[in-house]
Structures are given as structure tokens and as C-alpha cells.
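Read off the chains here:
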Amino acid sequence: MTEQLDDMYRDIIMEHYRYPRGHKEISEPDLANQGHNPVCGDVTEIKLTLDGDRIEDISVNCVGCAISVASGSMLADMIEGKTISDVRKIAEVVRALIKGEEIDTDLDLGDLEALEGVRNFPVRIKCALLSWTTLVDAIEAREVGQTVEASTTE
Amino acid sequence: MRTGFVSSDLASGDARVPDHTGLSKEAINRDFPILSRKINGKRLVYLDSAATTQKPQCVIDRIESYYASQNANVHRGLHTLAEEATSAFEATRDKIASFIGGVRREEIIYTRNATEAINLVAQSWGRKHIRENDRIVITRMEHHANLVPWLVLAEETGAELEYIPVDSQGRLILDNISNIIDSRTKIVALTQMSNVLGTINPVDEIIEVAHRRNAMVLIDGAQSVPHLPVDVKALDVDFMAFSAHKMLGPTGIGILYGRESLLDRMEPLIYGGEMISEVRYDSADWAELPWKFEAGTPNIAGAIGFAPALDYLNSTGMDKIREHEIELTEHALDRLAGLKFIRIYGPTSSEQRGGIISFVDSEIHPHDLAQFLDASGIAVRAGHHCAQPLMGLLGVNSTARASFYIYNTKDDIDELVSALRDARRYFIND
Chain G
262 MTEQLDDMYR
272 DIIMEHYRYP
282 RGHKEISEPD
292 LANQGHNPVC
302 GDVTEIKLTL
312 DGDRIEDISV
322 NCVGCAISVA
332 SGSMLADMIE
342 GKTISDVRKI
352 AEVVRALIKG
362 EEIDTDLDLG
372 DLEALEGVRN
382 FPVRIKCALL
392 SWTTLVDAIE
402 AREVGQTVEA
412 STTE
Chain X
72 MRTGFVSSDL
82 ASGDARVPDH
92 TGLSKEAINR
102 DFPILSRKIN
112 GKRLVYLDSA
122 ATTQKPQCVI
132 DRIESYYASQ
142 NANVHRGLHT
152 LAEEATSAFE
162 ATRDKIASFI
172 GGVRREEIIY
182 TRNATEAINL
192 VAQSWGRKHI
202 RENDRIVITR
212 MEHHANLVPW
222 LVLAEETGAE
232 LEYIPVDSQG
242 RLILDNISNI
252 IDSRTKIVAL
262 TQMSNVLGTI
272 NPVDEIIEVA
282 HRRNAMVLID
292 GAQSVPHLPV
302 DVKALDVDFM
312 AFSAHKMLGP
322 TGIGILYGRE
332 SLLDRMEPLI
342 YGGEMISEVR
352 YDSADWAELP
362 WKFEAGTPNI
372 AGAIGFAPAL
382 DYLNSTGMDK
392 IREHEIELTE
402 HALDRLAGLK
412 FIRIYGPTSS
422 EQRGGIISFV
432 DSEIHPHDLA
442 QFLDASGIAV
452 RAGHHCAQPL
462 MGLLGVNSTA
472 RASFYIYNTK
482 DDIDELVSAL
492 RDARRYFIND
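These protein sequence lines are chains G and X, in that order.
Throughout the first sequence, residue numbering follows my numbering, covering 262 to 415 in sequence.
Throughout the second sequence, residue numbering follows my numbering, covering 72 to 501 in sequence.
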């Protein structure tokens, strides 16, 4: 069990938790959404600016456990400079990784690989997905010309 | 960082304090088989009784013996099995009536849980008696189960929902109580013991004020009835809701106590079999109390399995249980106060609180803390405890919560305290 615990709380996760990336304010975002996990009360707020279809700048402000904060930080790291369609692909791979599902990809996930330890703790999967769900909901709404006000992990 | 995961020797050292008021170690081991279980290689330290309690062997045995030798539907058969099942099912009702102070058996309604009991009052009594501009009074420390039903009722009827405030120590502020419970107030619904803060509320005082205004009072006894001697007659309360599974009994069986004169005039909430006296093609008459509110096949095994739980509590004595929990709570408050990184919520005096302690670590999120404790065999709850508005009032998103019962010992608390220290080493190299 300690091994499983260690596998979830990897050094790289704890590093992101203590020094989360994207922890800032964006005053005039092109896309924004808030997400919360009703199970534990964790909240995240994501804002980004776009240059055409490319993400120019992103902020992730997550108040939560080590897993949800680290995952949000890695999200900020990973998607800055990517296009919207890249983000959708990455989000799909991350979701599969966290849930322990097989997925065929040659994508280099970098630090995000560390999230695979979460799969042994089903209750924590939602923590790891919080920021990703929040971002993907905002993107999907934008694609059909709508906006979202809030997302939940439920 | 992770090499810091060592089990402290505090819990196994000579500093062990004997328990004076609790069950003996032998009784705990004999009566609660689950507590011999190892969790992640460690002795299970179960500190989540406010969520649900563990079951003694006598309850487990009774459910098995009912299914193995008496299984039948109740109230509708003339054969031996049906008679035995019915008589055991109804015998529990008598035990409950006597357990809460000797009320009439007609005043004890079986429900699924305390939540359903509260909903029954809100929807049956409430819809009949609450009108626009009436007032419903609850408190700022209610569980969602005693908040959402009134929120919905207020919205449906146009009544006003007013809250009794809570101070920084998690106690009700009663200074302004006669203005809050005003002449428009039709019902006051409040918990006798907070599931988050452990606060024991002075319900007698509030009942007196409410009755002076001719308002009804519903007590959410989900946390109090299992842990305190509760006498509904002495309290002179109108409705009380509680749940078997939080007092050594099975899940799926809750209780609504209601004053007979009130229940008599209430409409059933669910219609069907077993709640009727006569059905015609164009009309139907309701059964007598308590069956009017018990449509359909009930949780027979649950009710029957609840009886030995009540016997167990009676033979231990509710006064003794309260005394034991005061001792545990004092020990826990004392030991936790020694951890500078832990902040405790709720009253600081054990007289004003039950064995429920919510706390946060200054740096470790409750979720991470609970996960770490579980790896050490310690079960606590982490989250908003179905009291989101109260969390907002406390200025947190969630807390960790340790809660005690009859089978906990000071060793359990010492193990918690030592694991909280270990968690600091694990997460922040402290």
C-alpha cells in the first residue's frame, strides 16, 4: 500500500503541487471556465487567451488536493502554445492515462505520465480530471458558439 | 520525502492510558469482528462512526437468522413464518419507542433513513401547514438532509427560510432567538448534534421558545440519538428523525418519531399496499398509525436486525456511552492541541460536544491527509460532510473528520495523532 501511495504522490506531483504553473491572473481571457468537484469541494478556474487557434497564455487557479492542483499545473505547462485541436487530443490521452485505459499514441506526455499512479485510487480520478474536464467543457461550448459558466466532475 | 513514512512508536509505547469507561478489549474483539481486520497491513482504526457505525456480531447474526429461518413478508400472511417475521418486525418498534423515552408505538414510523424521515415531515406536514409568508427556521449548521427539504418547501410555498446563526466556536447564537422564531414561524428544524462540529445544541431551550410561538419542532437526531441519552417526552419535541445504521444497526432503516396527534392528521407520502385499510375502485381509506406511512414491503431484515443493536446499547447504557465519548473527546482535543499544525473546529469544551472532531492540517489538503491515514489503517472522512454552506462559514472547502463510538479507545486516538505527524514528514518533510 505504501508503494501504491508513493506511486500516486510521486516527487514530480508534489513539486507541481508546491509550485503550481499557470498560477496567475489573466484579465481579458478569450475563454474561461470554473470547475468544481462536489465530492470534496475542490475548485479550479481556467482562463486563456488565443492567437487564432493557438493558446497564447493560460492561467489555472486550483484550490484543492495535491492531485488536482498538480494535474492543473501540468495542464498549464502542457498546453501553452498548442492549438485547440492539439488540446483536445492531449486531453483524451490524459483521460485514458488517468483511468488506466489502453490508448495508442505517440504523444510525449512529459510530467503528465506521473498521473498514472492515480489509477489505483478510483476516488481520486476525479481530482486528477478536474482541470481537464473544466477546460474541455469550455472548448466544446466554444465550438458550438456557446459559453459555459461552470463544470463539475459529476 | 517518501522515506519519511514511518509508523511512530507513540501508539505502542508505555504511555498508553487505560480506558475507564469503554468496552474491554476482549468485548471489542469479540463483538465487532470487523475491527480485527487489517487495512493495508495495519490494524483497522475506525474513526468514521458519524458516517456509519460498525455492527456487533449479534446484529449480523440476527439478520442471518431471520433470512435463514424466518424469512416472510410482514402483515399479510397467516403462516408461521409470516407471523414470526411480523412479530419480530413489530417488536423492534416497541424497543425503539421505549429507547427514546417511552413513547407510543403508533408514534414510531419506519423509513429508509433519517433523510427520508425529515422529508416525510417537510412534504406531508409541511405542504399542508406552511403558507406564503410563513416562516421556517433552521440553523446554519444543518446537514443537507435537514436543509434541502426546507429550502424546497420554502420555495414551493413562498415561505421564508430563516437561519439561527453560529459563532466562531461552532455554537448556535441564541441572543436573538425570540426574533428569529417569530409569530409567523410554523416549524423549527434543527440538529441536536452537528455532524461536522460535534456541537450539542441546547434543543430544550429552542423547543420552549418555539412552543411559545405555537411552532412545531423537528429534531434531526441522526448524530445525537446514537450517542446521548435522548428522551423525546422530556424534550416535548414534535418530530425526531434518526437512523439505525449510525447506532450499531443495519443500513436502510430510519425512524421518524412524531406526536400522535400530528401524525394522525398528516397525509401519507407514499401510497400502495400495506398502508390502506380498505380499497375500492373509486376510493380508499388509510390504515391506522403507524402503518399509514409504511407503504409497500418494508426493510424487514433491517428492522429485525435493529433490535439487537438497541439491546446492545441498552445493556451498555447510554449514560456510559456518553461518559466514554466525553473521555475520548477530551483525550483527542488534548492530544490534537499538541499538534501546532492542526486546527480544530467546534466547541473546545467536551460538555458541549459529542465525539466528532473536524480538523485541518495547515498545509496538507484533507483529501491527501485521509488518503495517507488510510494507508496507515486509519479510516476518517474528508470532504464537506454534506454541509457545504457550513464549510463556507468556516472558510474552508473541506475538513478531515474523526468520529468515535463505543468501540474506540484512546489507543485509536494516539494512533491518529502519530499518523498525523507522519503525514507531515511524508508530504512536507516537516
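No lab work stands behind these hints: they were computed from the structure.
Be aware that a few hints might be false.
DMTMM-like mimics (lysine to aspartate or glutamate), calculated; alpha carbons at most 25 angstroms apart, straight line [to be verified]:
no.: 1; chain 1: X; residue 1: Lys113; chain 2: G; residue 2: Glu353
no.: 2; chain 1: X; residue 1: Lys113; chain 2: G; residue 2: Asp267
no.: 3; chain 1: G; residue 1: Lys360; chain 2: X; residue 2: Glu394
no.: 4; chain 1: X; residue 1: Lys109; chain 2: G; residue 2: Glu264
no.: 5; chain 1: X; residue 1: Lys109; chain 2: G; residue 2: Asp369
no.: 6; chain 1: X; residue 1: Lys109; chain 2: G; residue 2: Asp372
no.: 7; chain 1: G; residue 1: Lys285; chain 2: X; residue 2: Asp102
no.: 8; chain 1: X; residue 1: Lys113; chain 2: G; residue 2: Asp268
no.: 9; chain 1: X; residue 1: Lys481; chain 2: X; residue 2: Asp238
All values derive from a computational prediction rather than experimental measurement.
Okay, the hints, checked on the actual structure:
{"no.": "1", "hint": "X:Lys113 - G:Glu353", "verdict": "38 angstroms, violated"}
{"no.": "2", "hint": "X:Lys113 - G:Asp267", "verdict": "17 angstroms, holds"}
{"no.": "3", "hint": "G:Lys360 - X:Glu394", "verdict": "47 angstroms, violated"}
{"no.": "4", "hint": "X:Lys109 - G:Glu264", "verdict": "17 angstroms, holds"}
{"no.": "5", "hint": "X:Lys109 - G:Asp369", "verdict": "40 angstroms, violated"}
{"no.": "6", "hint": "X:Lys109 - G:Asp372", "verdict": "35 angstroms, violated"}
{"no.": "7", "hint": "G:Lys285 - X:Asp102", "verdict": "55 angstroms, violated"}
{"no.": "8", "hint": "X:Lys113 - G:Asp268", "verdict": "19 angstroms, holds"}
{"no.": "9", "hint": "X:Lys481 - X:Asp238", "verdict": "29 angstroms, violated"}
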